[in-house]
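Protein chains in written order, with the working numbering: chain B, 1 to 189; chain E, 190 to 616.
There may be inaccurate statements among the hints.
Claimed, not checked - Below 25 Å or equal to it, Euclidean Cα-Cα: the simulated SDA-like pairs (lysine to any residue) are:
| # | chain 1 | residue 1 | chain 2 | residue 2 |
| --- | --- | --- | --- | --- |
| 1 | E | K430 | B | K166 |
| 2 | E | K430 | B | D145 |
| 3 | E | K430 | B | W120 |
| 4 | B | K82 | E | N273 |
| 5 | E | K497 | E | N273 |
| 6 | E | K430 | B | A30 |
| 7 | E | K224 | B | R24 |
| 8 | E | K571 | E | V557 |
| 9 | B | K82 | E | S227 |
| 10 | E | K550 | E | A432 |
| 11 | E | K430 | B | K82 |
| 12 | E | K550 | B | L28 |
| 13 | E | K430 | B | I133 |
| 14 | E | K415 | E | K550 |
| 15 | E | K550 | E | F527 |
| 16 | E | K430 | B | R24 |
| 17 | E | K224 | B | L28 |
| 18 | B | K117 | B | A43 |
| 19 | E | K430 | B | A32 |
| 20 | B | K82 | B | I133 |
| 21 | B | K82 | E | Y480 |
| 22 | E | K430 | E | K571 |
| 23 | B | K166 | B | D183 |
| 24 | E | K532 | E | S520 |
| 25 | E | K532 | E | N273 |
| 26 | E | K430 | B | T128 |
| 27 | E | K571 | B | I133 |
Read the hints as simulated data drawn from the structure, not as lab findings.
Okay, here's what each chain looks like letter by letter:
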Amino acid sequence: MTDTANSATAAPEGEADGENETRRDFLLIATATVGAIGAGLAAWPFIDSMNPAADVRALASTDVDLSAIEEGQAITVVWRGKPVFIRRRTIGEIEAARAVDLGDLPDPQSDEERVQKPEWLVTLGICTHLGCIPLGQRSADPRGDFDGWFCPCHGSHYDTSGRIRKGPAPRNLDIPTYTFVDDETIRIG
Amino acid sequence: MTTRTWNNPIIRWIDYRLPVFSFMDHHLVDYPTPKNLSYWWNFGSLAGITLVIMIATGVFLAMHYTPHVDYAFDSVERIMRDVNYGWLIRYLHMNGASMFFLVVYIHMFRALYYGSYKAPREILWIVGVLILFAMMATAFVGYVLPWGQMSFWAATVITNLFSAIPLVGESIVTWLWGGFSVDNPTLNRFFSLHYLLPFVIFGLVFVHLWALHVHRSNNPLGIDTKGPQDTIPFHPYYTIKDAFGLGAFMIFYLGFVFFAPDFFGEAINYEPANPLVTPPHIVPEWYFLPYYAILRSIDFDIWFVSAKLIGVIAMFASIAVLFFLPWLDRSPVRSARFRPIYKQFFWIFFLVCILLGVVGKHPPNDPVFGGVEWFQYIHLGKITTAYYFLHFLVIIPLIGWLERPRPLPESISTPVTRRGLAAEGTA
């Protein structure tokens with residue numbers, strides 16, 4: 001700091017006498033600080049303009065009608081531009097999900113923690129590895145070794161609770177925030 | 190100029206391989222600048238800063254804008270209502286355009302007054318005129334993007350100027366449009382050009398500065414610097430002066446942004462473009478009004494040449510004539526301070542430019558003075574248009590011949606040192 005202040009202002013004679021050094025340094029640092037704070041404040045509107053806009057934020061919740069989904073069927077709905085898997089599980093699938101020893105799971109979580117009503121599994125349809133969409137929604141899809149979902153990108157297998165069982169994905173499929181508005185409707189987000 | 194040695198080893202290492210620090214030191218710190226520059230010399234740096242503000246705000250607007258006839262208007266409204274601080278960024282950009290022209294016009298009138306266009310700064314001046322052309326093109330295509338009524342009809346009218354060209358005019362207009370009217374292809378290419386041209390301006394500004402730094406700034410006395418006693422280093426003297434001027438400018442600029450953001454705009458541009466209805470009163474933005482007045486003033490054919498073509502030629506010539514100014518002005522004296530006749534004609538010319546702007550703002554057949562029906566804006570426009578060209582083509586060459594300039598001071602320091610600082614006069 002002292003270096004630059006000195007050399008930058010040293011050119012005209014009689015300017016750089018020692019007495020004024022500290023005052024000049026103080027002024028230089030104070031000016032630069034105020035300038036930096038001002039630039040930072042001015043930058044904020046620009047940075048914030050890249051955050052989700054009001055209309056995007058307004059679309060942050062989605063209502064889904066569940067009445068048409070039969071047992072054993074699954075649907076995919078779009079919430080915030082992302083797929084959400086809603087599966088109406090059969091008794092067999094629920095029992096399979098609940099019979100697992102938590103010690104066998106890479107990301108231990110009981111099925112009870114992951115559902116609000118055992119019949120309805122609601123998860124984000126995004127593989128926690130690198131963001132692909134796992135297969136298993138349609139009856140013809142491969143569902144992996146655990147009868148849930150199988151991610152074609154790098155071979156992650158999810159079970160009937162959407163939990164990671166095999167493959168590179170680090171976490172279970174995420175559960176979005178949702179509430180049952182009534183027995184046949186949920187609001188995601 | 191001696192090359193600095195750097196104390197910091199990292200800076201020294203980099204500078205030895207890529208002398209960025211020496212370059213900045215040479216051009217922004219130690220750069221010898223005439224010590225008598227007035228505040229009129231602030232407007233160059235203000236123009237540069239405004240260009241940077243325009244590019245920065247423009248880049249962020251482009252993140253939210255959709256160049257399609259069905260979405261453009263709505264996407265701008267979305268920027269205004271939904272995008273975080275979108276209103277601020279758009280108003281900075283909108284008013285920034287006006288500020289850019291204001292600052293550049295002051296910068297140009299300063300050059301005219303102090304003879305900054307004269308040898309050896311002719312190329313510096315010519316590059317400046319090229320920058321003005323590029324700015325005008327950028328401003329025009331940018332104004333079309335919000336796709337309001339004025340956007341659409343400005344695009345229609347300005348592109349139709351080219352239809353005045355004999356034989357190929359109509360084909361050129363179709364080519365410009367990418368269709369048979371101003372439509373989606375036009376909007377798409379205008380957006381592309383509006384993103385491109387500012388960087389062309391940026392390149393021209395670099396050339397402008399390059400030329401400037403060869404013979405360095407002119408000054409209010411219009412005489413060459415004679416040695417170190419006539420100059421002071423750019424930093425801190427002019428960095429601080431430019432910073433102060435920037436502060437004053439920002440208060441003015443942000444005053445519009447925050448308190449009168451639509452002051453320079455036309456309300457009807459908040460109505461979506463309608464290709465079937467032209468608004469009753471079409472006016473360009475204020476910075477184009479003088480050229481618009483010149484265009485409209487030509488309403489007569491000359492022999493076989495149509496009024497339309499002459500009007501278009503006159504409008505472009507009103508700027509192109511500036512290219513020739515360094516050779517039209519034969520006076521060896523730069524500053525109007527020592528040119529008693531030129532000084533008066535400079536101010537008349539300035540007034541005529543303002544009047545041309547006033548003419549451009551009003552419908553041609555409105556009376557200039559209430560109650561005097563026979564004297565309409567079209568008449569004032571013809572007089573001022575004629576005077577505009579007379580100034581460059583006749584008055585300036587004649588003054589160069591006939592004027593007896595006042596004696597020039599020996600150096601920048603002499604007028605100061607002779608008045609009470611005799612002891613330093615030998616420096």
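Now for the hints, and whether the structure bears them out:
1. E:K430 - B:K166: The hint is violated at about 68 Å.
2. E:K430 - B:D145: 74 Å, violated
3. E:K430 - B:W120: 70 Å, violated
4. B:K82 - E:N273: Distance ~22 Å between K82 of chain B and N273 of chain E Cα, so the pair holds.
5. E:K497 - E:N273: 46 Å, violated
6. E:K430 - B:A30: Status holds; Cα separation ~17 Å.
7. E:K224 - B:R24: Within the cut-off at roughly 22 Å; holds.
8. E:K571 - E:V557: OK: K571 of chain E and V557 of chain E at ~13 Å, within 25 Å.
9. B:K82 - E:S227: Between K82 of chain B and S227 of chain E the Cα gap is close to 60 Å, so the pair fails against 25 Å, i.e. violated.
10. E:K550 - E:A432: 35 Å, violated
11. E:K430 - B:K82: 54 Å, violated
12. E:K550 - B:L28: With Cα atoms ~48 Å apart, K550 of chain E and L28 of chain B exceed 25 Å; violated.
13. E:K430 - B:I133: Violated. K430 of chain E to I133 of chain B sits at ~59 Å, over the 25 Å cutoff.
14. E:K415 - E:K550: Violated: K415 of chain E and K550 of chain E sit about 47 Å apart, past 25 Å.
15. E:K550 - E:F527: This hinted pair is violated, its Cα atoms lying about 36 Å apart.
16. E:K430 - B:R24: 17 Å, holds
17. E:K224 - B:L28: Roughly 22 Å between the alpha carbons, so the hint for K224 of chain E and L28 of chain B holds.
18. B:K117 - B:A43: Violated. K117 of chain B to A43 of chain B sits at ~47 Å, over the 25 Å cutoff.
19. E:K430 - B:A32: 15 Å, holds
20. B:K82 - B:I133: Between K82 of chain B and I133 of chain B the Cα gap is close to 10 Å, so the pair holds against 25 Å.
21. B:K82 - E:Y480: Answer violated: K82 of chain B to Y480 of chain E is near 53 Å, above 25 Å.
22. E:K430 - E:K571: Violated. K430 of chain E to K571 of chain E sits at ~42 Å, over the 25 Å cutoff.
23. B:K166 - B:D183: 34 Å, violated
24. E:K532 - E:S520: Answer holds: K532 of chain E to S520 of chain E is near 13 Å, not above 25 Å.
25. E:K532 - E:N273: Answer violated: K532 of chain E to N273 of chain E is near 50 Å, above 25 Å.
26. E:K430 - B:T128: Violated, at roughly 56 Å.
27. E:K571 - B:I133: 70 Å, violated
In this structure, the earlier hints numbered 1, 2, 3, 5, 9, 10, 11, 12, 13, 14, 15, 18, 21, 22, 23, 25, 26, 27 are contradicted, and the remaining ones agree with it.
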